[in-house]
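S.K.: So the chains spell out like this:
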Amino acid sequence: MNTIPINHALIVAAVLFVLGAVGVMVRRNLIFVLMSLEIMLNAAGVAFIAAAYKWGQPDGQTMFIFILVTAASEVAVGLPLLLGIYHHYKTIDTDRVSLMKG
Amino acid sequence: MTVLFYISSIVAIIAAAMVVTRVNATHALLYLVLLFLSIASIFFTLGAPFVAVLQIVVYAGAIMVLFVFVVMMLNLGHEAEERERTWLRQGVWALPMILSAVLLGTFLYALRTPQQELAGIAIGPKLVGVSLFTTYFIGVELASILLLAALVAAFHFGILPTRTEASNEYHTD
Numbered sequence: 001m002n003t004i005p006i007n008h009a010l011i012v013a014a015v016l017f018v019l020g021a022v023g024v025m026v027r028r029n030l031i032f033v034l035m036s037l038e039i040m041l042n043a044a045g046v047a048f049i050a051a052a053y054k055w056g057q058p059d060g061q062t063m064f065i066f067i068l069v070t071a072a073s074e075v076a077v078g079l080p081l082l083l084g085i086y087h088h089y090k091t092i093d094t095d096r097v098s099l100m101k102g
Numbered sequence: 103m104t105v106l107f108y109i110s111s112i113v114a115i116i117a118a119a120m121v122v123t124r125v126n127a128t129h130a131l132l133y134l135v136l137l138f139l140s141i142a143s144i145f146f147t148l149g150a151p152f153v154a155v156l157q158i159v160v161y162a163g164a165i166m167v168l169f170v171f172v173v174m175m176l177n178l179g180h181e182a183e184e185r186e187r188t189w190l191r192q193g194v195w196a197l198p199m200i201l202s203a204v205l206l207g208t209f210l211y212a213l214r215t216p217q218q219e220l221a222g223i224a225i226g227p228k229l230v231g232v233s234l235f236t237t238y239f240i241g242v243e244l245a246s247i248l249l250l251a252a253l254v255a256a257f258h259f260g261i262l263p264t265r266t267e268a269s270n271e272y273h274t275d
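Protein chains in written order, with the working numbering: chain G, 1 to 102; chain D, 103 to 275.
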């Protein structure tokens, strides 16, 4: 039976995570920061599923379902927040909205 | 199945690189959908058909729809693309790429030896369901509380103040 070496799957997860991290660091537009965060969450999910594949247990898939819940609630809160920032400051530049009041 | 894993991994990595480097938000969103679909294919090859379908339904079907709606509502336009091009000069990428390359190097060094390979079996929804409702039952309850909190927060943040209230209350620089 063909098997996939587990470290190849973890390498894929690591590369995706690092790409998402670079996106969070470099981009100034808040939409792109949120998209890069989603890439990072998906990369963590790939790592969990790879571990579930290695050990033959459903726990990795259960953890990925919790990651889905976390990502969905983060997007549900972050996107209206972004719309509120755009409505108020008329910009979604993270360098411009970087000061806290008071 | 192994070949499908490597093909979808390459597509996923290229799609992720394209998401991060685009200047047009809609282009990046489309590449993000492609990324989610290729990750669902990776999950399928890793013996997880249940979360593969769940990834498509929740990520590509719900979260991406939210992103698309928000980008369409923001209605950024061509000046936004020009602004992105001025922000994404070549020098901006240097230090994050160096730091991330060091991080990736440590990952790859730690993962260089092939691990013990086990036979790939597909873990279906029944096993995942049993795990969710017996071992991780507390997690399901906490997840539902988190979703309720997110719902309330989204509703609260969705109420945008009118212009006069905003201009009286805050001082923008």
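Just so you know, the hints here were simulated from the structure itself, not pulled from any lab data. Even glycine gets a Cβ: it sits at the ideal position worked out from N, Cα and C. One or more hints might be untrue.
Each computed SDA-like pair below joins lysine to any residue, with the alpha-carbon atoms no more than 20 Å apart [as the list claims (entries may be wrong)]:
{"#": "1", "chain 1": "D", "residue 1": "Lys-228", "chain 2": "D", "residue 2": "Leu-210"}
{"#": "2", "chain 1": "G", "residue 1": "Lys-90", "chain 2": "D", "residue 2": "Leu-176"}
{"#": "3", "chain 1": "G", "residue 1": "Lys-90", "chain 2": "D", "residue 2": "Lys-228"}
{"#": "4", "chain 1": "G", "residue 1": "Lys-90", "chain 2": "D", "residue 2": "Phe-239"}
Derived coverage of chain D by chain G (criterion: at least 3 residues anywhere in the stretch with Cβ under 8 Å from a Cβ of chain G; other residues may be distant) [unchecked claim]:
{"#": "5", "region": "103-113"}
{"#": "6", "region": "134-148"}
{"#": "7", "region": "157-168"}
{"#": "8", "region": "252-259"}
S.K.: Hint by hint, note whether the structure agrees.
M.R.: Going through the hints against the structure:
no. : hint                       : in the structure
1   : Lys-228(D) with Leu-210(D) : violated (35 Å)
2   : Lys-90(G) with Leu-176(D)  : holds (10 Å)
3   : Lys-90(G) with Lys-228(D)  : violated (49 Å)
4   : Lys-90(G) with Phe-239(D)  : violated (44 Å)
5   : 103-113                    : holds (count 5)
6   : 134-148                    : holds (count 8)
7   : 157-168                    : holds (count 6)
8   : 252-259                    : holds (count 5)
Of the numbered hints listed earlier, those contradicted by the structure are 1, 3 and 4.
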